[in-house]
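Fit chains B and C to the supplied structure of chain A, relying on the hints for placement.
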Amino acid sequence: MDTGMQDISKTSKILVGIVLMILGFLMILPFLWMFLSSFKTSTEISLSQSFWPKHWTIDNYENLFTNGSFGIYIKNTLIITMASFIGLFLNAMAGYGFAKFDFKGRKFLFMAVLATMMIPGQVTMIPVYLILNQMQLTNTLLGIVLPGLVGAFGIFLFRQFMSNIPDSIVEAARLDGAGEWYIFFHLILPISKPVLAVQGILTFIGGWNAFLWPLIIANDQKYYTLSVGLQLLQGQHTSDYGLQMAGSSFMVIPIVIIFVIFQKYILQGFNIQMDK
Amino acid sequence: MHSSFLKKIVPYTFVFPALLLLAIFSLIPIVIALLISFTGLDITGLGDWSQIKFIGFSNYLQLFQDSAFLQSIMNTVVYVLVGVPLVIVISLTIAILINSGRNGFFKMMRLVFYTPSITNTVAIAVVWTYLYNPSLGLFNTLLAKVGVGPIGWLTDPNVAKFSLIILAVWKAVGLNMLIFLAALQGVPRSLYEAAELDGANYWEQTRHITLPSLKFSIFFVTVTTLIGWFQFFDEPFIMTKGGPLNSTNSVALFVYQNGFQNSNFGYAAAGSFVMFVAIIVATLIQFKLQEKQRGE
Amino acid sequence: MKNVKRTVLMVISLLALFLFLTGCGNSNAASKKTLTFWYAGDGDTAVKPIIKKFTKETGISVKIQSIPWSQYNDKLLTAASSKNGPDVLLMGTTQMANFVSSKSLLDISKYVKNDKALNPNNFFSGSENTTKFSGKYYAVPWYVETRVLYYRKDILKSVGYDHAPRTWSELYEVASKLSKRGKNMYGFNVDGSEPTFGFMFARQNGAQLVKNGKTQFNSSEMVSSLEYLNKFIQNGVSPKQDQKLTIAQSFGGKAPIPMFISGPWMLSTIKEEAGLKDSQWAVAELPKGKANNMSVTGGGNIAVFQYSKNKTNAVKLLKFLSKRENQLTYYKNSNSMPTLKSAWTDSSLKSEKIQVFRKQLNNSEAMPALKQWEEIGQNYLKVWEPIALKNNNIKEAMDKFNKETQQLIDK
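Residue numbers (the numbering used here), protein chains in the order written: chain A, 1 to 276; chain B, 1001 to 1296; chain C, 2001 to 2411.
Fair warning: there could be bad hints in the mix.
[Said to hold, decoys possible] Per label pair, the in silico range of CB-to-CB distance: (1) C:Ser2169 - B:Gln1051: 45 to 53 Å; (2) B:Leu1136 - A:Ile14: 31 to 39 Å; (3) C:Lys2048 - A:Glu62: 17 to 25 Å; (4) A:Ile14 - C:Pro2386: 52 to 60 Å; (5) C:Pro2386 - A:Met111: 37 to 45 Å; (6) B:Ile1055 - C:Ser2220: 34 to 42 Å; (7) C:Ser2351 - A:Trp56: 28 to 36 Å; (8) B:Ser1190 - A:Val19: 22 to 30 Å.
No lab work stands behind these hints, which were simulated from the structure alone. Computed from a predicted model, the values in this text were never measured in an experiment. Glycine residues also receive a C-beta, built at the ideal position from the N, C-alpha and C atoms.
The shape of chain A in the complex, shown without the other chains:
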């Protein structure tokens, strides 16, 4: 477990701590503002720039849960989030394939994967919709999940990290007679814990905040997610800041929990020397 850390003296550690604290405060400021504003009335948000609410109120939260069908939205959001973890797994597989095998067309295919990152989603939105429509997948949960299931970013991330794993480990396992899938499950995935954790956090956030496809694909509100439900509460010309901040603060809680759980694994690095 003792990897990836340099030793530094106690005084410089304190110094580093102070620097981090100041920078950290600047980073978290809007987050805190979002959270505190969810306890303000709209008048107060508009009127003053003060940080602390003058009159604490939970009206925004009450509004949030009485407006709209949040039970259904939460259910859909959970289903989509769980499904997106299949994508995480497919990304890991592809990343491993690109990192540790030499096969015909590897370079070309990998560039094709990266190329999908280079065209803005707005340009391909309508073609994707038409394809799903042809496949009769509009207005299904599958149609909502599929377009975002795998992504070049994830595949690339896994490829980079798995390239770091010495070939000798894989070779040794092969000599021991292990099958390719066995190696992947029992060797590669366990030592990829840190990057799985990072990608897991991202996958969770992506699924949890899913907005565009649930909206475009669904022809029925019963497939809406939390993000869509929140956005519904906005008017054409007006927006209720208090309500929006309450909604966002509520949506962020599970993300923070997942982050805290997963970040433990970011700490558990792999020790290459340990295995062989």
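Just chains B and C, lined up with the frame of chain A:
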């Protein structure tokens, strides 16, 4: 014979599922978009496909006579040249700083630096608009106390671009820091111990052990950040709508304005393929550089 | 062998999930009789009660799908391109030209002509004009918006005016006085982010924007109205750029911007957020220019989707929504003002501030119904910005704009 065939097929079984999905939902749509870029597709053609006319390269020719497009290219070049190095250096520095401790405080800091990525965009816009506000904003109030200012953070065409870069860097640091942190775990402690025995100090260890071990992840962050900044969109869209005087407009925002606001889908698609070529060239250069490095 | 088993297991479980996910959808096949109605915003509070009444009266069930405003256009685009969409839908007045030209909306002229309840004369002419394209009707006006002048009564009084400015010259005079109250104080907001703002003033000055397919953006009326607006900016009477202030900061308290032009949605925003007493502010009809005081009409219409499989019932719903009592219920639920003139006699619209909108509606028209209008508006903003910031020559700028816009329309 049989087993060698199986061996050949193995790599494809790993990449196939992901590639299939990408092909259907990304590559084919990109090809369709490429075809669209050679048409004059607008809202009429969208509803009635028989109205779509192929116009060859007209969209592309027109783009390079469109001063708004040319300016958005120039702006995007500035975004990439300034933004990419800033993001890499800052997130790497913060990752190394955070990695120097293991107690609750440093764990907390991981989350703290990640919060910009999970803060609601409206909250970000409200807070930063306030910080940048010319008369009431915090930045100008502080500057006035030391006798500087006022600076038109978002209203001065020469400054606005850099104000948006500050905001975007602030937002991007968290994710890249996480990636670097994960990579730092791969550096065996024994290397540091050996270096210490040789009398290397902290900076020497960082330069000769930490950074070289991170080269895979630095490459990753460079490529993805590069692609991201070429597509710089959210910040100008939320904060300035491309103004003042088009000084913050990016190619991606230009594409959005033409495609989705004005329904000139053909023209917008052409704009995004010009950008596509630029990104692919920049990415290939990165890959070549990496290969050269590896060869050394 | 073990890994083969594992793979098979995984494939099976993936298939199971696939089936589960597809199984969740496609329930529409069974309920073809149900109408679908696309509504922008939160339909639960605003339209559900009206729809319930419709189902009770006719036995036709209706499924409302609420879609956030920010994504409504995207959603309409996917419907237009796939020809797979709702039966009845809300259309923003500014979206009409686009979706008529994509042939997504049903021509309902025969119903409009044969049904007394849908008679165009029942509606404000500004609203009716947004439903009519080359003599054919594609929608029925449902709610209406128009711009009026918002002003701070108490602050105008403090500089010696007990009424809102009634003419252009009075507007400048009052605003100019108000701007001399101190540093960072202005009199009026010349809105640089609203594409219709300059065009609205041009029409008040007698300009026609597009005449028989020919653009008129460099007419002397247009140019002199922009010169009038530019005077506010160059003399510091109006801010040069959007100050990004909340309504409480710009209009509440000492009111750095005590006069501005906006639509009915501002009423509730000011009430809720500005922290003002009701007597401190008011609305007034727009000040009169050389020709008139014509405002800009916006709002929403109800249309039937061209590819609906249930057009007869869809038209029934459209008619039902247009009834006086239902427009009034909709007003009560959403504050969106009725398009039926007869609805305005109802007691719920009696308040003084609301009645200002009623009067303004007699003098309010939408912008020209061109599918390129959105682009023309955005281009205009880009022409206006350097005028405001760098005091560019207006005539030259508008000559160029006029030529480019003509090319755009002819394309």
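Status of the hints after comparison with the structure:
At about 49 Å, the CB distance of Ser2169 (chain C) to Gln1051 (chain B) agrees with the hint of 45 to 53 Å. Between Leu1136 (chain B) and Ile14 (chain A) the CB atoms are about 37 Å apart, so this pair conforms to the stated range of 31 to 39 Å. In this structure the supplied range 17 to 25 Å holds for Lys2048 (chain C) paired with Glu62 (chain A), their Cβ-Cβ distance being about 20 Å. At roughly 54 Å, the beta-carbon separation of Ile14 (chain A) and Pro2386 (chain C) lies within the given 52 to 60 Å, and the hint holds.
At roughly 42 Å, the beta carbons of Pro2386 (chain C) and Met111 (chain A) sit within the given window of 37 to 45 Å. A C-beta distance of roughly 37 Å is found between Ile1055 (chain B) and Ser2220 (chain C), which places it inside the suggested range of 34 to 42 Å. Hint check: Ser2351 (chain C) to Trp56 (chain A), Cβ distance near 33 Å, so the stated range 28 to 36 Å holds. Our hint of 22 to 30 Å for Ser1190 (chain B) and Val19 (chain A) holds, since their Cβ atoms are close to 28 Å apart.
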